Amino acid sequence: MDDAYDSSGHAPKHDVMGLPIYFGVFLALIVLTFLTVLVSRYDLGLLNTPIALGIAVVKAALVVLFFMHVIHSSRLTWVVIISSFLWLGVLFVLTLADYLTRGWLLY
Amino acid sequence: MQVLEPMTAIDPTHDHPHHPFLQHHFEDMAQQHEASTLGMWMFLATEILFFGGLFVSYTVYRIMYYPAFSAAAHHQNWMIGATNTAVLIGSSLTMALAVWAAQTNRRKATVLMLILTLILGGVFLGVKTYEYSVHYHEGLFPGQHFTYVDEHNPAVTKGVELFMVFYFSMTGLHALHMIIGAGLLIWMIARAYRGDFGSEYYGPVEVMGLYWHFVDIVWIFLFPLLYLLH
Chain H
47 MDDAYDSSGH APKHDVMGLP IYFGVFLALI VLTFLTVLVS RYDLGLLNTP IALGIAVVKA
107 ALVVLFFMHV IHSSRLTWVV IISSFLWLGV LFVLTLADYL TRGWLLY
Chain R
1366 MQVLEPMTAI DPTHDHPHHP FLQHHFEDMA QQHEASTLGM WMFLATEILF FGGLFVSYTV
1426 YRIMYYPAFS AAAHHQNWMI GATNTAVLIG SSLTMALAVW AAQTNRRKAT VLMLILTLIL
1486 GGVFLGVKTY EYSVHYHEGL FPGQHFTYVD EHNPAVTKGV ELFMVFYFSM TGLHALHMII
1546 GAGLLIWMIA RAYRGDFGSE YYGPVEVMGL YWHFVDIVWI FLFPLLYLLH
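Just so you know, the sequences run in chain order H and R.
What the first sequence shows, in the working numbering, is residues 47 to 153, in sequence order.
What the second sequence shows, in the working numbering, is residues 1366 to 1595, in sequence order.
Hints are computed from structural coordinates only; laboratory data are not their basis.
As the structure is a prediction and not an experimental result, all values here were calculated from the model.
Listing some non-contacts, in silico: residues in chain H with all C-beta distances to chain R over 10 Å:
1) Gly91
2) Leu92
3) Ile117
4) Trp150
5) Leu151
Some but not every residue of chain H turned toward chain R, in silico, with C-beta under 7 Å:
6) Val62
7) Tyr68
8) Phe72
9) Thr79
10) Thr82
11) Val83
12) Ser86
13) Val109
14) Tyr145
Ranges between beta-carbon positions, derived for each pair:
15) R:Gly1537 / H:Arg87: 25 to 35 Å
16) H:Ser129 / R:Trp1552: 22 to 32 Å
17) H:Tyr88 / R:Asn1470: 42 to 52 Å
18) H:Thr147 / R:His1389: 48 to 58 Å
19) R:His1390 / H:Gly64: 27 to 37 Å
20) H:Leu84 / R:Phe1386: 40 to 50 Å
21) R:Trp1552 / H:Leu122: 21 to 31 Å
22) H:Val77 / R:Ile1544: 27 to 37 Å
23) R:Trp1552 / H:Tyr88: 43 to 53 Å
24) R:Leu1490 / H:Ile128: 30 to 40 Å
25) R:Lys1473 / H:Leu84: 38 to 48 Å
26) R:Leu1549 / H:Leu111: 19 to 29 Å
All residues carry an ideal CB built from backbone N, CA and C; glycine is no exception.
The shape of chain H in the complex, shown without the other chains (with noise of 0.2 Å):
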């Protein structure tokens, strides 16, 4: 994480990313994509929504780090990307805090 913005400057302060992180990222999405449905094909109880759910964090925060250039984003944009998760975390929180415990009214 760096800024980005330099108010000295008159171009964009980006580094340009270079072509070996691209198809690095692609590849390891495309191989994560094969072990998420290798995995499915078995059953391990419990850890199955874990697992895939897993998997398809690394693969966004892959998309998001890389393609989406967030590594090398402001500070500002940080606050707003972890921010957004903050509030959809806030959704499922208290969502399922409700859903979920209203059995335990029955014991």
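Starting from the known structure of chain H, arrange chain R on it as the hints suggest.
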């Protein structure tokens, strides 16, 4: 009453020519670029919550109708889903390469990569259309056309219909985003062909890329949730 002076005064600090695409309310190209990507991320934050509503309700109903959702996901053709995932990841690569080509003043490569992105997006939508028609003929479209009965466990059939409501609304909203993205790509191809973009000014391609990659990320989560978890 104050008479407004005509805008003839010239700022003495601005003695150099401006980039033709620098909007007057920005100091320089760097500030303009930063503002456009930041604004796009703010829009994507609202998009994350827009799709988030569907993801959270999917989670709630998956917990409530677990056997039905498992049976329905099992019925999906994961090979088609995996193929489409690879196609979309490929289109994200070509989109990233289009931004790279614009950054490095490669006009032809920018146009070519944007066209490839459009083609791969079209392949994805074509495969999706085929999938939808298969579901429809199997009687899996929710509502009065729903005639599907789960052969292993007929008791879960109503839950399967609920799963298909989520399947069609989530993939449908995703496909709508891709159709909008395809329209934006055509616009970007025309601008890139005209030679608008270069190392000084590539904000629109970058912002287009942010949108396209976001749509890719939504699919990265939809694929395991709708095809693999059973």
